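Chains as they are written, first to last, in our numbering: chain A, 1 to 367; chain G, 1 to 367.
If you are wondering where the hints come from, they were derived from the structure by calculation, not from laboratory data.
It should be emphasised that the depicted structure is a prediction, and the values quoted were computed from it without experimental measurement.
One thing to keep in mind: the hints can contain errors.
[Stated by the list, open to error] Here are the simulated EDC-like pairs of lysine to aspartate or glutamate, each with C-alpha atoms no more than 20 angstroms apart in a straight line: (1) A:K248 x G:E333; (2) A:K243 x G:E251; (3) G:K310 x G:D294; (4) A:K338 x A:E356; (5) A:K288 x G:E173; (6) G:K181 x A:D245; (7) A:K243 x G:D98; (8) A:K181 x A:E251; (9) G:K248 x A:D185; (10) G:K243 x A:E356; (11) G:K365 x A:E356; (12) G:K362 x A:E232; (13) A:K207 x A:E173; (14) G:K310 x A:E232; (15) G:K88 x G:D98; (16) G:K243 x A:E233; (17) A:K310 x G:D294; (18) G:K288 x A:E251; (19) A:K362 x G:D185; (20) A:K365 x G:D98; (21) G:K248 x A:D287; (22) G:K243 x A:E333; (23) A:K288 x A:E356; (24) A:K248 x G:E343; (25) A:K243 x G:D185; (26) A:K243 x G:E233; (27) G:K288 x A:D245; (28) G:K153 x G:D98; (29) G:K127 x G:E146; (30) A:K181 x G:D287; (31) A:K288 x G:E233; (32) G:K243 x A:D245.
2 protein chains.
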Amino acid sequence: MNDVSRRSFITQTATLAAAAPLLASGVSDAAANSPKKKLGFALCGLGSLSTHQIAPALQKTKNCRLAGIITGTPSKADAWSAQYNIPKKNIYNYDTMDKLANNPDIDVVYVVTPNSLHAQHTIAAAKAGKHVFCEKPMEISPERCEQMIAACKQANRMLGVAYRCQFEPNHLECVRLARSKEFGDLRIIQAGFGFAIGDPAQWRLHKALSGGGALMDVGIYCLQTTRMLTGEEPVSVFAAEAKTDAQKFAEVDETITWQAKFPSGVISNCTTTFRVNGLQGFRAFADKGWFGLDPAYFYNGIHGARSDGKEISIPQEDQFAAEMDDFAQCILEKRQSKVSGEEGLRDIRILTAIYESVRTGKEVKLG
Amino acid sequence: MNDVSRRSFITQTATLAAAAPLLASGVSDAAANSPKKKLGFALCGLGSLSTHQIAPALQKTKNCRLAGIITGTPSKADAWSAQYNIPKKNIYNYDTMDKLANNPDIDVVYVVTPNSLHAQHTIAAAKAGKHVFCEKPMEISPERCEQMIAACKQANRMLGVAYRCQFEPNHLECVRLARSKEFGDLRIIQAGFGFAIGDPAQWRLHKALSGGGALMDVGIYCLQTTRMLTGEEPVSVFAAEAKTDAQKFAEVDETITWQAKFPSGVISNCTTTFRVNGLQGFRAFADKGWFGLDPAYFYNGIHGARSDGKEISIPQEDQFAAEMDDFAQCILEKRQSKVSGEEGLRDIRILTAIYESVRTGKEVKLG
Numbered sequence: 001m002n003d004v005s006r007r008s009f010i011t012q013t014a015t016l017a018a019a020a021p022l023l024a025s026g027v028s029d030a031a032a033n034s035p036k037k038k039l040g041f042a043l044c045g046l047g048s049l050s051t052h053q054i055a056p057a058l059q060k061t062k063n064c065r066l067a068g069i070i071t072g073t074p075s076k077a078d079a080w081s082a083q084y085n086i087p088k089k090n091i092y093n094y095d096t097m098d099k100l101a102n103n104p105d106i107d108v109v110y111v112v113t114p115n116s117l118h119a120q121h122t123i124a125a126a127k128a129g130k131h132v133f134c135e136k137p138m139e140i141s142p143e144r145c146e147q148m149i150a151a152c153k154q155a156n157r158m159l160g161v162a163y164r165c166q167f168e169p170n171h172l173e174c175v176r177l178a179r180s181k182e183f184g185d186l187r188i189i190q191a192g193f194g195f196a197i198g199d200p201a202q203w204r205l206h207k208a209l210s211g212g213g214a215l216m217d218v219g220i221y222c223l224q225t226t227r228m229l230t231g232e233e234p235v236s237v238f239a240a241e242a243k244t245d246a247q248k249f250a251e252v253d254e255t256i257t258w259q260a261k262f263p264s265g266v267i268s269n270c271t272t273t274f275r276v277n278g279l280q281g282f283r284a285f286a287d288k289g290w291f292g293l294d295p296a297y298f299y300n301g302i303h304g305a306r307s308d309g310k311e312i313s314i315p316q317e318d319q320f321a322a323e324m325d326d327f328a329q330c331i332l333e334k335r336q337s338k339v340s341g342e343e344g345l346r347d348i349r350i351l352t353a354i355y356e357s358v359r360t361g362k363e364v365k366l367g
Numbered sequence: 001m002n003d004v005s006r007r008s009f010i011t012q013t014a015t016l017a018a019a020a021p022l023l024a025s026g027v028s029d030a031a032a033n034s035p036k037k038k039l040g041f042a043l044c045g046l047g048s049l050s051t052h053q054i055a056p057a058l059q060k061t062k063n064c065r066l067a068g069i070i071t072g073t074p075s076k077a078d079a080w081s082a083q084y085n086i087p088k089k090n091i092y093n094y095d096t097m098d099k100l101a102n103n104p105d106i107d108v109v110y111v112v113t114p115n116s117l118h119a120q121h122t123i124a125a126a127k128a129g130k131h132v133f134c135e136k137p138m139e140i141s142p143e144r145c146e147q148m149i150a151a152c153k154q155a156n157r158m159l160g161v162a163y164r165c166q167f168e169p170n171h172l173e174c175v176r177l178a179r180s181k182e183f184g185d186l187r188i189i190q191a192g193f194g195f196a197i198g199d200p201a202q203w204r205l206h207k208a209l210s211g212g213g214a215l216m217d218v219g220i221y222c223l224q225t226t227r228m229l230t231g232e233e234p235v236s237v238f239a240a241e242a243k244t245d246a247q248k249f250a251e252v253d254e255t256i257t258w259q260a261k262f263p264s265g266v267i268s269n270c271t272t273t274f275r276v277n278g279l280q281g282f283r284a285f286a287d288k289g290w291f292g293l294d295p296a297y298f299y300n301g302i303h304g305a306r307s308d309g310k311e312i313s314i315p316q317e318d319q320f321a322a323e324m325d326d327f328a329q330c331i332l333e334k335r336q337s338k339v340s341g342e343e344g345l346r347d348i349r350i351l352t353a354i355y356e357s358v359r360t361g362k363e364v365k366l367g
């Protein structure tokens with residue numbers, strides 16, 4: 001689709017959406033009734049993830065379209081507007097989000113700002129009557145997650161957290177192997193995700209913006225894996241931190257290892273780091289064999305192995321497109337997303353407990 | 001070499017050794033002066049490991065020969081005597097070990113009895129003037145290890161612990177990679193070793209004999225890996241246990257995960273189990289890449305990978321033959337073995353701290 005025809009298409013669907021008033025049910029009549037309706041997404045925060053992953057992924061979705069942007073950087077607004085044919089009226093900054101209420105082009109605000117701004121931007125979007133899809137980690141404290149959930153509930157809007165692996169078919173195959181007990185009861189899960197972080201000036205290294213380091217940013221993937229495979233919530237966590245670059249990681253964790261016990265007796269052993277590359281995958285050990293993915297958490301190329309010699313290698317679509325299409329579908333069908341705000345909150349409670357264990361040197365009970 | 005010529009050879013070297021009085025230096029003149037001297041090993045405890053690994057390995061050694069046996073089972077004595085041409089005079093039971101003092105055929109007693117008998121048998125052998133090679137774990141408490149070290153020191157005999165991986169060339173290549181910093185400074189080590197244990201009646205599941213379960217039996221390999229790669233002693237450990245079969249593992253640990261911090265900032269994350277198969281290997285992550293072995297701890301087929309795509313695949317001789325030959329060489333050259341009693345004691349101190357962490361739910365500092 002060339003620029004002109006794409007612009008025509010966007011204009012056409014925008015007009016359609018403009019005709020439909022927002023309903024208390026949380027979805028417009030037009031959205032609910034028209035199978036061809038693509039929900040309009042506004043990206044809130046135009047950093048690297050929005051630029052290199054989410055905006056390109058939106059072009060691949062079935063149910064979504066990039067309808068607007070919310071940014072604090074005027075030069076980015078101009079560039080995005082030109083690249084994606086976003087009309088000026090669909091461009092906002094963080095102080096004008098209340099005006100979203102008057103814009104029927106926008107159905108969903110996808111919050112991609114630094115972690116500690118998620119609550120502020122989610123609540124602003126919900127108050128403006130928009131559904132919210134929010135990057136993980138959901139926020140930097142359970143209290144803020146609860147505020148986000150309450151705001152969306154009050155506005156009768158849906159809240160989803162961007163756990164892309166929950167829509168990745170190789171991850172889902174591992175969940176199937178675990179839950180079906182094809183290899184018997186699960187006993188041990190090993191998982192690790194990390195990378196050598198670059199630019200020391202980035203927000204991920206500043207606690208006020210990130211809430212934490214490697215654990216918040218990539219350790220959460222390992223935690224998700226353990227919860228997805230077991231289908232359980234951990235009853236306790238045990239964690240330790242290593243810091244070798246006290247300057248770069250003055251505010252946040254560099255490397256954290258943690259163990260979690262689950263009600264069925266499964267124990268997980270996870271490692272996350274901002275220090276080194278190569279830590280990337282998980283393996284689950286059950287009574288009659290093992291299975292796992294390596295790499296597990298990249299944007300593509302997910303691949304796995306099983307103890308019986310078979311490969312786990314299911315063709316993948318764009319993970320960001322998949323999660324956005326699912327969220328849009330949930331909105332259209334008026335059903336709760338599996339990556340709800342409550343799901344995001346559970347992780348933040350556990351991450352908070354892991355930090356408490358690091359701080360106290362003690363096992364921390366949960367629930 | 002056929003049976004007759006092997007017997008002739010053994011008789012010849014036995015006669016040679018018989019002519020040499022034991023010296024306070026801990027090695028006979030004949031042993032020290034004759035490059036052809038093979039040290040006589042007596043295996044103490046004729047269980048599966050002695051039967052299937054150590055006795056066959058002794059046939060492959062350069063510096064050792066199977067000269068005697070110590071067993072509490074007369075039927076085993078007969079079978080071994082016939083199979084390995086062991087003269088009746090070189091067969092002992094646990095109550096007659098003091099008589100080893102009068103037998104110049106025996107230079108070394110290799111203690112392969114259950115863990116909690118290692119001190120008793122080591123001390124008996126030392127008192128009889130024999131060098132002692134002892135299976136790992138060295139014993140079930142630091143105090144008993146110290147008694148073993150003291151007894152061997154008092155008898156002026158050498159004490160070695162059977163850490164076969166310290167002589168395995170692929171492990172040594174990983175140590176070289178770590179210490180030479182070929183991939184930069186080491187940061188994280190992940191290691192796991194476990195298997196689904198069979199016969200519920202075996203001594204490994206009885207605490208009085210084993211001192212502990214998976215951690216004592218196979219977790220110790222992971223601990224060794226972390227200490228070998230770093231060349232450091234951990235400053236603290238943090239551990240958790242999972243038990244899913246409370247009957248089978250009523251006395252000992254089924255699965256333990258632990259984290260250890262090292263002075264240079266390296267953190268290790270290890271898992272050991274008697275519950276499932278497949279947990280077998282380690283990976284070390286450094287600033288510029290990673291390397292590791294998988295499988296790492298089997299008797300053969302050790303194989304590894306590096307982040308630059310190169311394989312680690314060095315031809316291996318029998319690991320048991322290698323460790324016994326080295327111990328014999330140390331005796332012949334009157335130098336301390338790298339797998340000394342002190343090395344064994346270090347591990348037992350750390351394993352004891354790991355159990356304390358499991359019990360208390362707290363990080364345990366190490367001196």
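Okay, the hints, checked on the actual structure:
1. A:K248 x G:E333: 50 angstroms, violated
2. A:K243 x G:E251: At roughly 37 angstroms apart (the allowed maximum being 20 angstroms), G:E251 and A:K243 break the hint.
3. G:K310 x G:D294: Roughly 14 angstroms between the alpha carbons, so the hint for G:K310 and G:D294 holds.
4. A:K338 x A:E356: 28 angstroms, violated
5. A:K288 x G:E173: 33 angstroms, violated
6. G:K181 x A:D245: Status holds; Cα separation ~17 angstroms.
7. A:K243 x G:D98: Distance ~53 angstroms between A:K243 and G:D98 Cα, so the pair is violated.
8. A:K181 x A:E251: 42 angstroms, violated
9. G:K248 x A:D185: 16 angstroms, holds
10. G:K243 x A:E356: 24 angstroms, violated
11. G:K365 x A:E356: Answer holds: G:K365 to A:E356 is near 18 angstroms, not above 20 angstroms.
12. G:K362 x A:E232: 24 angstroms, violated
13. A:K207 x A:E173: Violated, at about 36 angstroms.
14. G:K310 x A:E232: Roughly 39 angstroms between the alpha carbons, so the hint for G:K310 and A:E232 is violated.
15. G:K88 x G:D98: Distance ~16 angstroms between G:K88 and G:D98 Cα, so the pair holds.
16. G:K243 x A:E233: The given pair, whose Cα atoms are some 17 angstroms apart, holds under the 20 angstroms limit.
17. A:K310 x G:D294: Measuring from Cα to Cα gives roughly 18 angstroms; hence the hint holds.
18. G:K288 x A:E251: Violated. G:K288 to A:E251 sits at ~24 angstroms, over the 20 angstroms cutoff.
19. A:K362 x G:D185: 29 angstroms, violated
20. A:K365 x G:D98: 54 angstroms, violated
21. G:K248 x A:D287: 14 angstroms, holds
22. G:K243 x A:E333: 43 angstroms, violated
23. A:K288 x A:E356: 35 angstroms, violated
24. A:K248 x G:E343: 36 angstroms, violated
25. A:K243 x G:D185: 13 angstroms, holds
26. A:K243 x G:E233: Roughly 17 angstroms between the alpha carbons, so the hint for A:K243 and G:E233 holds.
27. G:K288 x A:D245: 15 angstroms, holds
28. G:K153 x G:D98: 17 angstroms, holds
29. G:K127 x G:E146: 15 angstroms, holds
30. A:K181 x G:D287: 38 angstroms, violated
31. A:K288 x G:E233: Violated. A:K288 to G:E233 sits at ~36 angstroms, over the 20 angstroms cutoff.
32. G:K243 x A:D245: 37 angstroms, violated
Hints 1, 2, 4, 5, 7, 8, 10, 12, 13, 14, 18, 19, 20, 22, 23, 24, 30, 31 and 32 from the list above are not met by this structure, while the remaining hints are.
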